[in-house]
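Peer 1: These protein sequences, in sequence, are chains H and Y. Okay, so the first sequence: first residue is 1093 according to my numbering, each after it adds one. Okay, so the second sequence: first residue is 69 according to my numbering, each after it adds one.
Derived by calculation from the structure, the hints in this document are not laboratory data. It is possible that part of the hints are untrue.
[Unchecked claim] Residues of chain Y placed beyond 10 Å of chain H at every Cβ, according to the derived structure:
id, residue
1, 89
2, 133
3, 150
4, 201
5, 203
6, 205
7, 226
8, 233
9, 301
10, 311
11, 328
12, 349
13, 445
14, 458
15, 470
[To be verified] BS3-like cross-link-like pairs, simulated, lysine-lysine; straight-line CA separation at most 27 Å:
id, chain 1, residue 1, chain 2, residue 2
16, Y, 303, Y, 288
17, Y, 252, H, 1129
18, H, 1133, Y, 303
19, H, 1133, H, 1121
20, Y, 440, Y, 283
21, Y, 303, Y, 108
22, H, 1121, Y, 303
23, Y, 303, Y, 343
24, Y, 252, Y, 343
25, Y, 410, Y, 381
26, Y, 278, Y, 303
27, H, 1121, Y, 410
From a predicted model like this one, the values you see are computed outputs, not experimental measurements. We put the beta carbon where it would ideally sit given N, CA and C, even for glycine.
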Amino acid sequence: MSIGQAFLTSGQIYVLGFAIALGMAALIKLINHVIGKTEAKDK
Amino acid sequence: MNFSQLFQGLGSLFEIEPGIATGRIVLIILGVVLVWLGFKRTLEPLIMVPMGFGMCAINAGMLVRDFQEIIGLSNIMIHPLAATEELMDVMQIDFLQPIYTLTFSNGLIACLVFMGIGVISDVSPVLKYPFTSMLIAMFAELGTILTFPIAIAMGFDPGGAASAAIIGTADGPMVLFTSLILDKSLFVPITIVAYLYLSICYGFYPLLVKALVPKELRAKAVELRKIDSGVISPKAKIIFDIIACTVLCLLFPVAAPLFLSFFLGNAIKEVAIPKYAELLENVFLYASTFFLGLLLGILCDAQTLLGDPQVLKLLILGFIALGLAAVGGIIGGYIVYGINRKNFNPAIGVAGVSCIPSTAKIAQHAVHEANKRVIILQYAMGASVCGVITSAILTGLYVTIILPYV
């Protein structure tokens, strides 16, 4: 693997990782929202 | 009476090459220093004390050549590179070999540590401030991302480069895991370098935070908008645990053991099974950490370590990876500071480096020194816990993408 390819591979991994991490954050927000609504209904 | 046969540890010093003999003495001294620094709490004592003792013992306790020829081994503690045929013989002589082969070199000890970390972690800050925490944690992964091409430039193959780069995740179990899969030949030196540096973080990171974050910014109080409920219920946390575990395992099956271990540990805490929680925290975590430290010290055998020319390169790469990780995290802190219109403390960024709970404590300490009334620990813990998740994501990605090159 050349240095250029290594930078490219790392860059791709970072972009993908960022997308997954922000996707997880969005999922967490959704979980909070749904739980919050369920608990408000129970009250 | 043959002096060297009688006092074999001393005798063997005169039999081996001067370079290795010097290495043994230096590592004995280093072992003593690590124990002392652990005792003084300058470095993390949980790892440094057993590691230092192990380092002293293995480098002092070498057998002379005649005995080595009789039993086929140079010491009776461990042989990390024993091949399958000789392994059963070695297991019956070396007292730590069963622990090394059956828990360390197959990643089990890493998973047990992760279960314990899961039990002691509180995911509430992650659930309260998910985007802030994840953003900081991903910026802290810059250490890993930038170290990979640097390692390739230094002559490592892709598997070795990825294994070295994962040191930047500051997550011991991830480093163990990655090097086992991608480059088993570097497993011993990479693991030693990674754990040694993780403990040095304690000493080095506070200086970096002070250098990169001016006092007036470190003194800033923070008030982020919380979600409606304010308090996160155990129900929300357990749902997060099971969904996050399943989703991450679906995406990265190669890192599934670590995801399972962390989220299971956390779930045990949230479901409130005290006997299990006690087992994971008191027995699994402390027993695993103890043996991890001891095995790391024992692996610092001068012949194994100094005979490997890659060790010096790994020392440099480890330093680069962890340094860039902290710088990246602080950059993330500044970005959140900008996004939140100066309602954030950039020093929190260092907590994105996933050395739970050390980096969160380092962030709080740095802020406390600038302004004793400011508490930022909850935000720092959110970033730290997300750091574990982003480390696992990056590990999964590197292992999946680099494996075909190995």
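Peer 1: Does each hint hold? Answer for all of them.
Peer 2: Hint-by-hint comparison with the structure:
{"no.": "1", "hint": "89", "verdict": "38 Å, holds"}
{"no.": "2", "hint": "133", "verdict": "42 Å, holds"}
{"no.": "3", "hint": "150", "verdict": "31 Å, holds"}
{"no.": "4", "hint": "201", "verdict": "8 Å, violated"}
{"no.": "5", "hint": "203", "verdict": "8 Å, violated"}
{"no.": "6", "hint": "205", "verdict": "7 Å, violated"}
{"no.": "7", "hint": "226", "verdict": "5 Å, violated"}
{"no.": "8", "hint": "233", "verdict": "8 Å, violated"}
{"no.": "9", "hint": "301", "verdict": "7 Å, violated"}
{"no.": "10", "hint": "311", "verdict": "7 Å, violated"}
{"no.": "11", "hint": "328", "verdict": "16 Å, holds"}
{"no.": "12", "hint": "349", "verdict": "25 Å, holds"}
{"no.": "13", "hint": "445", "verdict": "20 Å, holds"}
{"no.": "14", "hint": "458", "verdict": "5 Å, violated"}
{"no.": "15", "hint": "470", "verdict": "8 Å, violated"}
{"no.": "16", "hint": "Y/303 x Y/288", "verdict": "33 Å, violated"}
{"no.": "17", "hint": "Y/252 x H/1129", "verdict": "49 Å, violated"}
{"no.": "18", "hint": "H/1133 x Y/303", "verdict": "15 Å, holds"}
{"no.": "19", "hint": "H/1133 x H/1121", "verdict": "18 Å, holds"}
{"no.": "20", "hint": "Y/440 x Y/283", "verdict": "12 Å, holds"}
{"no.": "21", "hint": "Y/303 x Y/108", "verdict": "41 Å, violated"}
{"no.": "22", "hint": "H/1121 x Y/303", "verdict": "14 Å, holds"}
{"no.": "23", "hint": "Y/303 x Y/343", "verdict": "20 Å, holds"}
{"no.": "24", "hint": "Y/252 x Y/343", "verdict": "37 Å, violated"}
{"no.": "25", "hint": "Y/410 x Y/381", "verdict": "40 Å, violated"}
{"no.": "26", "hint": "Y/278 x Y/303", "verdict": "39 Å, violated"}
{"no.": "27", "hint": "H/1121 x Y/410", "verdict": "23 Å, holds"}
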